[in-house]
Every structure is written in structure tokens, then in C-alpha cells.
Amino acid sequence: MKSLEQLTDSVFYIMAALTEPRHGYAVMSLIEETTKGAFVVGPASLYTIIKKLVAEQLIQLHDDSDSRRKVYVLTNKGREILLEDIERRKTMIHLAEQGLQRGQK
Amino acid sequence: MRNKRYMASIGLAFSEVHDMKKLSEKAANGWHLKRFRFAGYGLEKGEPEETIFSIDYRKLRKDDEEEYFELFAYGGWTHVCSSADMHIFKAAPETTPIYSDTESSIDKLARLAKPVNLAASIALAITMVLWVFMTFASGTIQHIAEQGFTYSFIITVPAMMTSGGVYYHMWKNLRLKSKHI
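Residue numbers (our numbering), protein chains in the order written: chain A, 1 to 105; chain B, 1 to 181.
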């Protein structure tokens, strides 16, 4: 299993959705709504990524009383990794924004 | 008129995309996938329908099944049939693909590769042992090994080709990923 050093967009979106407890398809609909359908996660990808994140202890089962809708949430390790990736993405955006501003002058 | 038909497959490791396309053409002609059958699919006659098909490979624990199928249902994919660790789903055309990113579709192929490689390695090992006996033993043992070698060779070649098929698809996926700027 490949480790998740740099989060892909799909993984990033899913982890972002799991900052609060959610079940799989609440994650799917949140991503679709927030991005107005510009980014969608297929069910097989979502399931694969959820399993991977659980195995890497970045998310954990929060509530499995309803076996059709298991609820997951970020672990402390998951929060750390997400924060690191936010910083990585901020650097990218910062670089681009500053460059564009300078370019306009 | 018979209302059941059989559609053969040359092996999912080679022809997954082709098989799914063909199933969709059959459905458009009113022949619907009902179940897996030996080396192929069982179809039944019904109303013509515009549908697309997808297959996933996954070992499901009993308590994971509901969650798994529920996610697909929510994504617009109806479960049609399963055989061992293979699950086929159908959906209306234009539904979001079950795999929306390259990383997890490569993971899917890696899951498929595991049992395929194991089978191919076992077949290859048996063939090699039999070859040793065939070459260095004598009398009855040599004779039996010779016969066994022929049979195991016939099994090993397609098994290794299947392994190769899976890796070819993985490589294609990786190339797709690198093109995706």
C-alpha cells in the first residue's frame, strides 16, 4: 500500500469532509455540493480511500451502529497530516498569486 | 423463443473494458446481465435499456457489504451480481465512474494482481519441478513428469499471460496519469 505523503485531491477532499463525523455518502454529497459538481468522487474510489485512511490511522470509525452508514472522523494524526497538506497547498497558491500580482505591474 | 443467453469472456484481466462495453450493447438490445457464469455471463431477455456497466474487485467482510453496496447505490450504481470477489454494477449513461481517480484505479488492479500472480507463480513452480524430473529422472518417473509437464505448461502459459495483462493495464493507467497535467 502506497503511503499518503502528499495527499491527492480526492484524499484531501475526503479528509476535509471528515474533520467532522460523517458517513460515506454524506462525504460524497458534501464534496459535490461544495464544488458545485466540479469535483466528484466515485463510490469505488471513495470506498478504497476510506479503507486506506483507516489502515493508515488517519481516520477512525466513529459510529458503526448503522452498518449501512458507518460514520468516520479524522484522528489526531489525520488532523496533523491534513494541516501539513494545507500548508503545502498554501505555499503553492501563495507563489502563484504573488507572481500574478507582480506580473501585472 | 429462448429467453436466456450466454456471453463468453476471454478473461477479465484482458477484456474488462471490452466486456463491459459488450454488456452495455446487449442491454441496449434487451439482453440483460443477470449472473456470472463459468468463463462468462448469463443474460436474460427484457426491455431494451441504455445502461453502462462497471466491475470492481474487492474482498468484502460480511459487515462491510452493506456499507459498500450502499455507497454505490448512492453514487447511482445498481448492484447486478457478484461472484467471489468480483462485483458488477450498472448505471445510467453519464453517471460518475466508480473510480474517479487514477490512484484508486491502480489500487484496484493491484488487488486483482494478487491472486492472479499467486496462481501464475504456483503453476510456474510446478512446471519447473516437472521439467527437472523430466530431464534428470529416468524410467516411470520421467514418463509421468513428461506428461505432467505438458499439462502444467498448458496452464502456466495463459496464467502468466493473465498476470502480464494486469500489469499492462496498470502501466496504461500510470501513463494516463502522467499525461494528466
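These are calculated hints, taken from the structure and not from any lab test.
It is possible that some hints are incorrect.
[To be verified] If you want the footprint, here are the derived chain B segments under chain A, 3+ residues with CB under 8 Å:
hint : stretch
1    : 32–40
2    : 55–68
3    : 73–86
4    : 147–159
All C-beta atoms, glycine included, are put in the ideal place defined by N, C-alpha and C.
Cross-check of the supplied hints:
no.	hint	verdict
1	32–40	violated (count 0)
2	55–68	holds (count 6)
3	73–86	holds (count 3)
4	147–159	violated (count 0)
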